[in-house]
Structure formats: structure tokens, C-alpha cells
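Asker: The chain contents come next:
Number of protein chains: 2
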Amino acid sequence: MNTTQLNGLRRAGSATLAKRPPRERILIAARDLFYRNGLHSVGVDAIAEAALTNKMTLYRHFKSKDDLILAYVNQLADEGEEVWGRIMAENPGHPQKRLDAWVDYVEDVLTNKYERGCALANAAVELEGEHPARAVIEGCKRRKRERLVKLFRAARYCDPEVLADEVFLLFEGARISIQCEGKGPALRVVRMLRRLFATAARRDRLEGSAKFERRDV
Amino acid sequence: MNTTQLNGLRRAGSATLAKRPPRERILIAARDLFYRNGLHSVGVDAIAEAALTNKMTLYRHFKSKDDLILAYVNQLADEGEEVWGRIMAENPGHPQKRLDAWVDYVEDVLTNKYERGCALANAAVELEGEHPARAVIEGCKRRKRERLVKLFRAARYCDPEVLADEVFLLFEGARISIQCEGKGPALRVVRMLRRLFATAARRDRLEGSAKFERRDV
DNA sequence: GGTACCCGTTACCGATCGGTAACATTAGGT
DNA sequence: ACCTAATGTTACCGATCGGTAACGGGTACC
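As given, the protein sequences belong to chains L and E, one line each in that order. Last residue of the first sequence: 217 (my numbering), numbering continuous. Last residue of the second sequence: 217 (my numbering), numbering continuous.
If you're looking for bench data, these hints aren't it; they were derived computationally from the structure. Treat the hints with caution; some may be incorrect.
Ranges between beta-carbon positions, derived for each pair [what the hints assert, rightly or not]:
#	chain 1	residue 1	chain 2	residue 2	range
1	E	Leu187	L	Arg203	20 to 28 Å
2	E	Thr199	L	Lys19	53 to 61 Å
3	L	Gly129	E	Glu128	21 to 29 Å
4	E	Met56	L	Asn54	36 to 44 Å
5	L	Thr111	E	Arg143	21 to 29 Å
6	L	Gln96	E	Arg202	29 to 37 Å
For lysine-lysine, the following BS3-like pairs were computed, each having C-alpha atoms within a straight-line distance of at most 27 Å [stated by the list, open to error]:
#	chain 1	residue 1	chain 2	residue 2
7	E	Lys19	E	Lys65
8	E	Lys150	L	Lys183
9	E	Lys65	L	Lys65
Given the structure is predicted, the values throughout are model-derived calculations rather than measurements. For glycine and all other residues, C-beta sits at the position ideal for the given N, C-alpha and C.
Full structure from sequences and hints, please.
Answerer: As C-alpha cells, then:
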């Protein structure tokens with residue numbers, strides 16, 4: 001069981017594994033265990049133990065297990081923002097390069113050997129109807145889709161909404177299918193995305209200049 | 001709570017609601033509750049109660065809760081076979097019509113107001129690593145994909161494997177996204193599928209006759 | 001050095017849950 | 001009417017789990 005603890009913490013940030021504030025360790029452990037085993041299958045004792053602490057200090061930082069789940073989901077949402085921010089920052093002002101970088105990220109995710117579906121989607125499957133974390137998940141997914149729409153529009157693709165939906169759903173389907181069908185279809189998604197980008201119509205080729213049709217940013 | 005029981009049983013087969021063998025009632029109730037609330041969130045007592053019986057007779061028909069889960073998953077797999085068989089039987093010897101009928105089925109699923117993702121995929125999310133039901137789920141998903149490949153090939157589409165993956169993953173992504181993003185993207189999937197069928201290349205138009213390239217049924 | 005504050009430890013509680021035993025009851029067949 | 005088999009009923013067990021109380025120990029800050 002010590003190996004499990006180390007696996008959980010080592011994924012966090014390289015060297016300084018165990019000398020962080022307990023709340024941080026707990027979130028790291030929760031992130032690992034919740035994703036690998038599901039929200040209901042892992043108890044607070046297991047999380048506290050994997051975080052190299054105990055249940056009492058866990059409850060000093062989180063009012064309840066549901067509160068911890070909410071923090072877990074918020075953590076995932078923040079990580080999503082961070083990844084997106086990095087993709088945008090590393091390819092400034094170049095929509096197509098940003099899209100390509102996003103596909104590279106998709107490839108990283110789908111080839112990760114620990115991939116077990118989108119953690120947010122998996123959490124949504126296990127959450128009861130009125131759990132506050134649901135709103136966070138919905139907001140996060142909606143934002144992701146809207147950002148794809150904006151990127152496709154900025155890259156002057158036709159039908160950016162349809163294209164964003166298609167790409168987004170292919171990604172989601174690939175992630176969820178990994179634990180049902182293995183890596184087969186998922187690995188082909190990256191090629192399908194790149195081919196989609198190559199074959200989708202763009203207004204560049206359909207019109208001469210680019211003066212109108214600017215509906216938003 | 002009586003309404004819940006009736007909702008669970010009424011979905012089964014019209015009139016003769018409660019006078020069926022208990023094992024059948026239990027499977028009906030399990031199907032309803034497991035799908036709506038998840039495998040871990042619903043206890044055997046709740047299932048027995050919804051099945052208008054009690055825990056003891058439940059355990060006379062199923063060795064354990066995991067055994068019931070396995071039966072639940074097998075039931076879902078059988079229903080999938082049945083739906084597919086109906087689609088095939090109602091459109092004999094006409095691959096494109098069968099594909100169109102399958103899209104109609106997809107539309108039915110995605111517009112169902114109780115849709116909460118693919119029950120098999122949701123179950124896989126909640127199942128621990130070595131649960132016997134996983135093999136059933138994987139086999140079912142693999143079969144679905146292979147049948148799509150065969151249909152695309154029979155309808156003489158180019159790249160039937162890629163096309164099947166694309167269509168299959170779009171469907172899966174749409175289902176899982178319904179509880180994260182609402183019906184928005186999911187509803188557009190049907191149009192995307194029909195457009196895909198219309199625009200995808202077919203060997204009909206690329207070659208003259210159709211003599212070779214018959215790899216299987 | 002004292003004093004807050006945070007953390008670790010232990011023990012415990014109540015509720016729920018999966019699963020079983022023993023017995024009563026019904027229904028079906030002959 | 002009788003026997004048999006399946007179902008209903010009640011009560012119970014052990015384990016687990018979410019959550020709390022109380023105490024003891026370290027540490028940083030003044």
C-alpha cells in the first residue's frame with residue numbers, strides 16, 4: 001500500500017513529495033484515487049491514508065466528502081483552464097497552430113496508459129442529481145466547447161459550431177471508449193481530427209478577402 | 001415511492017406489470033435504478049422494493065450484488081443485440097437502408113428525455129478493475145463497432161473502419177455529453193451523421209462495376 | 001519561554017449495506 | 001386434500017463508512 005501512496009503523490013510535482021500542506025496532499029491523493037477507482041468506491045480513510053495523513057485533518061479542511069468531491073472537480077476544471085491557457089500562450093495569435101497544439105494535447109491524453117475517460121464526465125456519471133459539482137462540470141464542458149468554436153471561427157473554418165461539436169464529441173467518445181474497447185478506436189481519433197482539419201472547408205478558399213462575417217471575437 | 005416502483009415496472013412491457021416471475025421483476029427494477037442512480041448508489045434493498053419483493057428472494061436468484069450487476073449488464077447487451085437484429089430484419093439486404101435505420105435509432109436514443117449516457121459505458125466507469133461484467137461490456141462494444149464496419153463495407157463506403165470509428169465515437173461522445181452539456185451537441189449529432197453518410201466517398205462512384213474487393217460478408 | 005495554532009492519534013458513534021438464518025405463507029400439481 | 005417448491009417476512013450479523021470528540025504533540029511567532 002505504500003507504493004500506492006507514492007504513486008499518488010509522485011505524480012504531483014517531482015521531488016518535494018510529502019512536505020506540502022496537508023490540504024494539498026489530500027487533493028492530490030483524492031485526484032488520483034477518485035479518478036482511478038471512482039467517487040463512491042474510495043472512502044475518506046483511503047484518501048487520508050494515501051495523503052500521508054488521517055481522516056481528522058481531512059475533515060478540518062473539507063466539511064464533508066461531498067465538499068471534497070466538489071474541490072476535486074474544481075481542481076480538474078482549473079487544470080483544464082491551465083492546459084488551455086498554455087496552448088493559447090504558446091501559439092499567440094495563430095488560430096490554426098493553436099488547433100494543432102490542441103490536437104497534440106488530445107494525442108497525449110489518448111495515448112496515456114492510465115487514461116480511463118474524462119475525469120469530469122466520469123464524475124458526472126457517479127453524482128446524484130443535485131450535487132453542486134454538476135454545475136461546475138457543465139460549466140467546464142460548455143466553456144471547452146465554446147473555446148473550440150471561437151478557435152474554428154478565428155481560423156476561418158466554415159460551420160465552426162458544427163465542427164467544434166464534431167471534434168469535441170469525437171474526443172469525448174474516444175475517452176469514454178478507452179475503457180470499453182481498448183485503445184483501438186481512440187488512437188485513430190487523432191488521425192481523424194487532423195484529417196478533419198485538412199478537409200474541412202475554410203472561408204479563405206471560398207471568398208477573396210475577409211471583410212465581413214465577423215460576428216464576434 | 002410507489003410511483004418509483006410503477007415507473008420502473010411500467011417501462012417493461014405495457015399491461016401485465018407485476019405478475020411476472022420475481023427474477024424478471026428484479027431485473028427490470030435493477031435496470032431502471034442502476035441506470036438512473038448508478039451501480040453504487042442503489043442498494044439491493046431498494047431494488048427489491050422497487051421490484052415489489054424483498055431482499056431474500058433477490059438473493060435466491062442472484063448470488064450477490066455483483067452477480068446481479070453482471071446480469072444487469074448481460075441484459076443490456078442482449079437488448080443491444082435485439083435492437084440491432086430488428087434494424088437488420090426490417091431492412092433486409094439493403095445496407096444503406098440499414099444504416100439509415102440505425103441513425104433513426106440513434107436519434108431516438110439521443111432525444112429520449114431520460115437519456116443519461118450509455119448504460120454500459122456508465123457501468124464500466126463504476127466497475128472495479130477485474131469485475132466480470134467488464135468483459136461483457138467490452139465484447140458488446142466491440143461487436144457493435146464491427147457490425148458498423150461490416151455495414152459500411154457492404155454499403156461500399158471507402159474506409160469502412162475509419163468511418164465506423166468516427167460514427168461510433170460520435171455516438172458515444174454524444175451520449176456521455178448529454179449529462180454534462182445538455183442536449184445541445186447531442187441533437188446535432190444526428191445531422192452530422194446523415195451529412196457524413198451523404199458526403200463520405202463510396203466505391204460506387206469511384207469504380208465502374210463491383211466485382212472484386214469482397215473481403216467478407 | 002510561553003502561547004496559539006495546526007496537525008497527528010485514538011476511540012468512538014450512528015447509519016447503511018451486503019448477506020444469511022429461520023420460519024410462515026402461498027400456489028401448483030396429483 | 002396433501003405434498004412440494006417457491007415466495008414473503010422478520011430479525012439479525014458483521015463490516016464498512018461518513019463524521020465527531022477529546023487529547024496530546026509539535027512548531028512558529030512574539
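Asker: For every hint, state whether the structure bears it out.
Answerer: Right, here's what the structure says about each hint:
1. Leu187/E to Arg203/L: 20 to 28 Å: holds, 25 Å
2. Thr199/E to Lys19/L: 53 to 61 Å: Holds, since Thr199/E and Lys19/L (Cβ atoms, about 58 Å apart) stay within the stated range.
3. Gly129/L to Glu128/E: 21 to 29 Å: holds, 24 Å
4. Met56/E to Asn54/L: 36 to 44 Å: With Cβ atoms ~39 Å apart, the hint holds.
5. Thr111/L to Arg143/E: 21 to 29 Å: holds, 25 Å
6. Gln96/L to Arg202/E: 29 to 37 Å: Since the Cβ atoms of Gln96/L and Arg202/E sit about 30 Å apart, the hinted range of 29 to 37 Å holds.
7. Lys19/E to Lys65/E: With Cα atoms ~24 Å apart, Lys19/E and Lys65/E stay inside 27 Å; holds.
8. Lys150/E to Lys183/L: holds, 20 Å
9. Lys65/E to Lys65/L: holds, 25 Å
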